[in-house]
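Chemist: Position one of the sequence shown corresponds to residue 4 (our numbering), numbered consecutively onward.
Think of the hints as simulated: they come from the structure by calculation, not from any bench. Please read all numbers here as calculations on a predicted model, not as lab measurements. Not one of these hints is a red herring.
With a cut-off of at most 16 Å between alpha-carbon atoms, the simulated EDC-like pairs for lysine to aspartate or glutamate come out as follows:
id, residue 1, residue 2
1, Lys168, Glu108
2, Lys168, Asp86
3, Lys168, Asp135
4, Lys168, Asp77
5, Lys66, Asp54
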Amino acid sequence: MLSRRILLAGVLQGAAWAAWAREPGYRTIGWDALLPAGWDPWAEFSAGGVDLRQLPDDDPRAKAALARLRRVWDQAPTNAALDGALVRLPGYVVPLEQTAQGLRELLLVPHYGACIHTPPPPANQIVHVRLDTPARSVGTMDTVWISGRLQVARSETSEAVSGWKLAGQRVERYTGTPSTTGLR
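Throw the hints in and build the complete structure from the sequences for me.
Modeler: Spelled out as structure tokens, the structure:
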């Protein structure tokens, strides 16, 4: 192994070698991978005979259902098999902490407008990201790939409850069309 490293060091010099030697193998995942098998976010709301889509917003049953939905979704279960995994996940940025050096902390969400214009998705579909190195030129609802170590960790921010924590080691601009390459 050491002789292989010496040989490669001759080819990859300086910073390029250091970056290559530290490069972990990230597993590219989509948002469905974060869900435990068989979990249905609407299961608790399909019983009862009331079609929530038909209720006006000011109906007390709609308000009660929304409060109940929020409680259920804030406790949404996660896929424990991904706890500790090195992953690469695409998503939309909801900034939490911006410094002069760049974006330091964010929520990564699966669809445009989540946590900002609409009620937040279930906690198992929100990833709380703390970046190792602040990202410049990344703003609200930008699409990115974030790579790092994923952990099951429920946290509450001003925007939403998340079921995941990601130690973000790399942020890349997302390229492609979200509807055809994994983003919703």
